[in-house]
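Kindly produce the complete structure, drawing on both the sequences and the hints.
With my numbering applied, the sequence shown has no gaps in its numbers, which climb one by one up to 244 at the end.
By construction, these hints were calculated from the structure, which means they are not laboratory data. One or more of the hints may lead you astray.
Unchecked claim - Pairs of lysine to any residue, SDA-like flavour, derived with a Cα cap of 25 Å: (1) Lys78 - Gly117; (2) Lys118 - Thr199; (3) Lys100 - Ser63; (4) Lys118 - Gly74; (5) Lys118 - Ala87; (6) Lys118 - Gly195; (7) Lys78 - His98; (8) Lys118 - His181; (9) Lys162 - Ile209; (10) Lys100 - Pro90; (11) Lys100 - Lys118; (12) Lys162 - Gly84; (13) Lys100 - Thr140; (14) Lys100 - Glu142; (15) Lys162 - Ser102; (16) Lys162 - Glu124; (17) Lys162 - Pro131; (18) Lys162 - Ala206; (19) Lys162 - Ile182; (20) Lys162 - His85; (21) Lys118 - Asp75; (22) Lys162 - Ile188; (23) Lys162 - Asp80; (24) Lys162 - Ser210; (25) Lys78 - Glu97; (26) Lys100 - Arg174; (27) Lys78 - Ala93; (28) Lys78 - Trp67; (29) Lys118 - Leu130; (30) Lys100 - Asn71.
As the list claims (entries may be wrong) - Here are the simulated distance ranges between beta carbons: (31) Asn219 - Gly86: 41 to 51 Å; (32) Lys78 - Asp201: 31 to 41 Å; (33) Phe64 - Ser210: 35 to 45 Å.
A virtual CB, placed ideally from N, CA and C, is assigned to each residue, including glycine.
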Amino acid sequence: MSFAVWALGNVAGDSPKCDFVLGHGALGPLLAQLNEHAKLSMLRNATWTLSNFCRGKPQPAFEQTRPALPVLQQLIHSTDEEVLTDACWALSYLSDGTNDKIQAVIDSGVCPRLVELLLHISPSVLIPALRTVGNIVTGDDLQTAYIISNNALSYLLNLLTGTSYRDTNISNSHLPQRGWVIS
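This is how it looks when you write it as structure tokens:
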């Protein structure tokens, strides 16, 4: 099963083929693999594949990927860095677009955890979490206010000043992304 999930992820990585795979119902069986009984190797593989399903230029139709939101809400509570990274990237792709997409991401309940992940020690988690929060604040005033109400400004201040990251791999090269979110 793990090899099949990996193969789907590779096919989904090629944007036109991703639409074909999603159009033939591959998301449902993939989401079924992302449960509390899955081995870590399957969780990592399936989360990476899910992230590939959510990305692309052009992006897949949101209605095809929207069912992933409840699963992503669970995955962002993982303690595994690879799972967190790919789950955050998937959310960044799903939140990139219209206010309706942004609202669906907010409604999935991921925002409080995404804001917490702005203090994650690993840049591989921090960057897609920051990108997702940034996408959400590009929405309407209520969507921006919702992120602020989750204490995002204090987390973002820590990111800008680097107070929490003096001894980590978070470099100043990410400063423009941090500023983009606050603007």
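Hints, one by one, checked against the model:
1. Of the supplied pair hints, the one linking Lys78 and Gly117 holds, its CA atoms being roughly 10 Å apart against a limit of 25 Å.
2. A threshold of 25 Å between alpha carbons decides the hint, and for Lys118 with Thr199 the separation of about 19 Å falls inside it, so the pair holds.
3. With a C-alpha separation of about 10 Å, the suggested pair Lys100 and Ser63 falls inside the 25 Å cut-off, and the hint holds.
4. At most 25 Å may separate the alpha-carbon atoms for a hinted pair to count; Lys118 and Gly74 meet this at roughly 10 Å.
5. Among the hinted pairs, Lys118 with Ala87 is consistent with the structure: their alpha-carbon atoms are about 19 Å apart, no more than 25 Å.
6. Using a Cα cut-off of 25 Å, the hinted pair Lys118 and Gly195 holds, with the two alpha carbons roughly 19 Å apart.
7. Our distance criterion of 25 Å between C-alpha atoms is broken by Lys78 and His98, whose separation comes to about 30 Å.
8. Straight-line distance between C-alpha atoms of Lys118 and His181 comes to about 28 Å, which puts the hinted pair past the 25 Å bound.
9. Taking the CA atoms of Lys162 and Ile209, the gap is about 19 Å. The hint holds against a cut of 25 Å.
10. Restraint check for Lys100 and Pro90: satisfied, since their Cα atoms lie roughly 16 Å apart, inside the 25 Å limit.
11. At most 25 Å may separate the alpha-carbon atoms for a hinted pair to count; Lys100 and Lys118 exceed this at roughly 31 Å.
12. Simply put, Lys162 and Gly84 have alpha-carbon atoms about 19 Å apart, close enough for the 25 Å limit, and the pair holds.
13. The hinted pair formed by Lys100 and Thr140 meets the criterion: a straight-line CA distance of about 14 Å does not exceed 25 Å.
14. Pair hint Lys100 plus Glu142 holds up; C-alpha atoms about 15 Å apart against a cutoff of 25 Å.
15. Taking the CA atoms of Lys162 and Ser102, the gap is about 30 Å. The hint is violated against a cut of 25 Å.
16. Under the criterion of a C-alpha separation no larger than 25 Å, the hint pairing Lys162 with Glu124 is consistent with the structure, at around 9 Å.
17. The straight-line distance between the Cα atoms of Lys162 and Pro131 is roughly 14 Å, inside the 25 Å bound, and the hint therefore holds.
18. Proposed proximity of Lys162 and Ala206 is supported: the alpha carbons are some 16 Å apart, at most 25 Å.
19. Our distance criterion of 25 Å between C-alpha atoms is broken by Lys162 and Ile182, whose separation comes to about 28 Å.
20. Proximity of Lys162 to His85 is assessed by CA-CA distance (about 22 Å); at most 25 Å being required, the pair is judged to hold.
21. At most 25 Å may separate the alpha-carbon atoms for a hinted pair to count; Lys118 and Asp75 meet this at roughly 10 Å.
22. Straight-line distance between C-alpha atoms of Lys162 and Ile188 comes to about 20 Å, which keeps the hinted pair within the 25 Å bound.
23. Of the pairs offered as hints, the one joining Lys162 and Asp80 holds, with about 18 Å between alpha carbons and a cut-off of 25 Å not exceeded.
24. About 20 Å separates the Cα atoms of Lys162 and Ser210, which keeps this hinted pair within 25 Å; it holds.
25. Note on Lys78 and Glu97: the hinted pairing is violated, with a Cα-Cα distance of about 29 Å set against a maximum of 25 Å.
26. For the given pair, Lys100 sits about 23 Å from Arg174 by alpha-carbon distance, which is consistent with the 25 Å threshold.
27. Taken as a hint, the Lys78 and Ala93 pair is honoured in the structure, with Cα atoms around 21 Å apart against an allowance of 25 Å.
28. Proposed proximity of Lys78 and Trp67 is supported: the alpha carbons are some 15 Å apart, at most 25 Å.
29. Between the alpha carbons of Lys118 and Leu130 the distance comes to roughly 20 Å, so the proposed pair stays at or under 25 Å and holds.
30. Distance check on the hinted pair: Lys100 and Asn71 sit about 20 Å apart at the alpha-carbon level, within 25 Å; holds.
31. The hint said 41 to 51 Å for the Cβ distance between Asn219 and Gly86, and at roughly 43 Å that hint holds.
32. The given range of 31 to 41 Å is respected by Lys78 and Asp201, whose C-beta atoms sit roughly 34 Å from each other.
33. Against the hinted window of 35 to 45 Å, the Cβ-Cβ separation of Phe64 and Ser210 comes to about 44 Å, which satisfies the hint.
Of the hints listed earlier, those the structure fails to meet are numbers 7, 8, 11, 15, 19 and 25, in rising order.
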